[in-house]
Amino acid sequence: MANVSGTADHPAERSNPMRPFGIERRLFCVFGIIVTLAGCGQPEPRGEAPATTVRFDLPADPGTLDPLFAHVDANSVEGQVARLAFEPFIDIDAGGRSIPVLLRRIPTVANGDLSHDGRVITYRLRRDVHWQDGPPVTASDVLFTLGAIVDTRNPVRSREGYDRIVKAERIDDYTVRITLRSPWAPAVATIFSYGSAPQYVLPAHLLRGHENLAQDAFGAHPVGDGPYRFVRWDRGERLIYAANPTYWRGRPRAARLELHIVPDPGTNLTLLRSGSIDWNLIAPAQQAALADQRDLAYAVAPLALVAGIAINTTHPPLNDVRVRRALAASIDRAGISRKITYGRYPPIDTAQPLTSWAHDPGAHLPRYDPAAADALLDAAGWKRGPDGMRARAGRSLAFTYVQFPETTTGVRVATVVQSELAARGIAITIKSISNAQLFLPAAQGGTLARGAFDLAYVPWPMGADPDDSFLLSCAGAANYMRWCDPTLDVLERAAIGTPDRVGRAWLYARIARRVAAAVPIIYLFNPAYVYAYRQRLHGFAPNAFLPTWNADAWTMAGK
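The sequence shown begins at 13 in the working numbering and counts up one residue at a time.
No lab work stands behind these hints: they were computed from the structure. Since this is a predicted model, take the numbers as computed values, not measurements. Cβ atoms here follow ideal geometry from the backbone N, Cα and C, with glycine treated the same way. One or more of the hints may lead you astray.
[What the hints assert, rightly or not] Just the calculated beta-carbon pair ranges, DEER-fashion:
#1 D399 - R306: 34 to 40 Å
#2 P511 - A391: 21 to 27 Å
#3 P453 - A106: 48 to 54 Å
#4 H233 - G287: 55 to 61 Å
#5 R116 - G287: 37 to 43 Å
#6 G108 - H327: 50 to 56 Å
#7 A506 - S286: 31 to 37 Å
#8 L302 - Q449: 25 to 31 Å
#9 D246 - A106: 44 to 50 Å
#10 S127 - A435: 18 to 24 Å
#11 S110 - L302: 30 to 36 Å
#12 P373 - D246: 44 to 50 Å
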């Protein structure tokens, strides 16, 4: 797939036989999806905005600005940037309420846009949303992007959900109907919204006809439909965005955004103190250092994210559940929450955030119990030597623990874990790897994807739906533990195929308890991120997924 051109009567469209969605109003079956196309229009003029600039930092340079190929990392770097320029079908506000954005309304059974069996979904697009270069966002763009996602030539992070679509139809220029192979409960909350690997609708008139989207210039010069348009990218230093004058909600109040690439948390803190940036994520331990900054305010956002220690179960003896349970019993997770995060990041025992309706309070990892940990290790044959460290058959019980330096909290957690495991006779070598390197795909040398670790500190962003199969199923894209439980896979399939919330919650409770017993992950906490921002920055209200979701509402008072 991956052909690009302008409108349906563009010469490139007529001549390119590889074009899956290239002829207007005709039907094609490509990669298992049936699609049709729509036309174009002109943008509406908008009013002027005051010349203000909002400055903030990113902990890493994006790998791409094309959301089709965005990597999901601990800081959602590419997600933060993508949301500035692109609109989702559905957003989530700071209070957790779903908001239709690119859609006129959220599909439900009650309004007729969701079939009773959950297999057919009708999406009704807003008619006043335009691409930043002029044409309207239409069904043509939706169908083109669906094809790009499922095209196996495009190295997208995940096709989960999109690969379940067996038919996608253009009803009219602003209406698309999709049919799923089977009921998939996360569909409405996931497709072109906050899934485990979020996607956005792309401009078909710019990308249709291009053979290699992953290497396309669009990845460095995107054109979106969101509140801010891309201006420039000084690699490794900064990105500049300007207010989109044709934005459907009206021109954003801040005329310019400056995003500086600053990986070091200490430098970020210094820039915040000096007034060089207007907001930044801070670790709970850093907030005390800002007590003398009278011009700062704080926003706390409970996240749809869980952080924990991934255990590589393919590395013996980590394939022994006794050893994994001993590791969990050796770590004082409540103490980590209390001493390192000052209670801001409450302990958790499952993949479901504490605010999720699928969270099961009855699921529990092995509690902190050094004596129980010692007993488990002894039973597994790992005995203490004269130096207090454990070994079996001449082999020391030693592991490599991977963490990334861009997180102050994660660095402090690594030190505590190393100390607590050493007290149980387990030697830990801490290896620091950049956030970007840690989360890259295996083909690009990503540490997690290649399994080049024993233990790893990983924050897992969750979607708006509680589907956690991407993390826990045998073939899950984020199953860095390489743990496989066929029974759990059956439960996961049942959970995404069950339409009612009560039934799904029961299934996720069974999943959580099964995982807690096997311990492929030592869940640590469900963070509530703390953002420090200038008091004159109005409208800053991060949600559970991104701090940039409502950037169009930001404004700097007094400028």
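Evaluation of the provided hints:
1. D399 - R306: 34 to 40 Å: The hint (34 to 40 Å, Cβ to Cβ) is violated, given that D399 and R306 are roughly 52 Å apart.
2. P511 - A391: 21 to 27 Å: Given range 21 to 27 Å: violated, Cβ gap about 44 Å.
3. P453 - A106: 48 to 54 Å: The hint (48 to 54 Å, Cβ to Cβ) is violated, given that P453 and A106 are roughly 32 Å apart.
4. H233 - G287: 55 to 61 Å: violated (31 Å)
5. R116 - G287: 37 to 43 Å: At roughly 42 Å between Cβ atoms, G287 and R116 fall inside 37 to 43 Å, so the hint holds.
6. G108 - H327: 50 to 56 Å: violated (39 Å)
7. A506 - S286: 31 to 37 Å: Once the Cβ atoms are compared, 54 Å apart, the range 31 to 37 Å for S286 and A506 is violated.
8. L302 - Q449: 25 to 31 Å: Holds, at about 30 Å.
9. D246 - A106: 44 to 50 Å: violated (31 Å)
10. S127 - A435: 18 to 24 Å: For S127 and A435 the Cβ distance comes to about 57 Å; the hint is violated.
11. S110 - L302: 30 to 36 Å: holds (33 Å)
12. P373 - D246: 44 to 50 Å: Once the Cβ atoms are compared, 48 Å apart, the range 44 to 50 Å for D246 and P373 holds.
In terms of the numbered hints stated before, the structure departs from hints 1, 2, 3, 4, 6, 7, 9 and 10, listed from lowest to highest.
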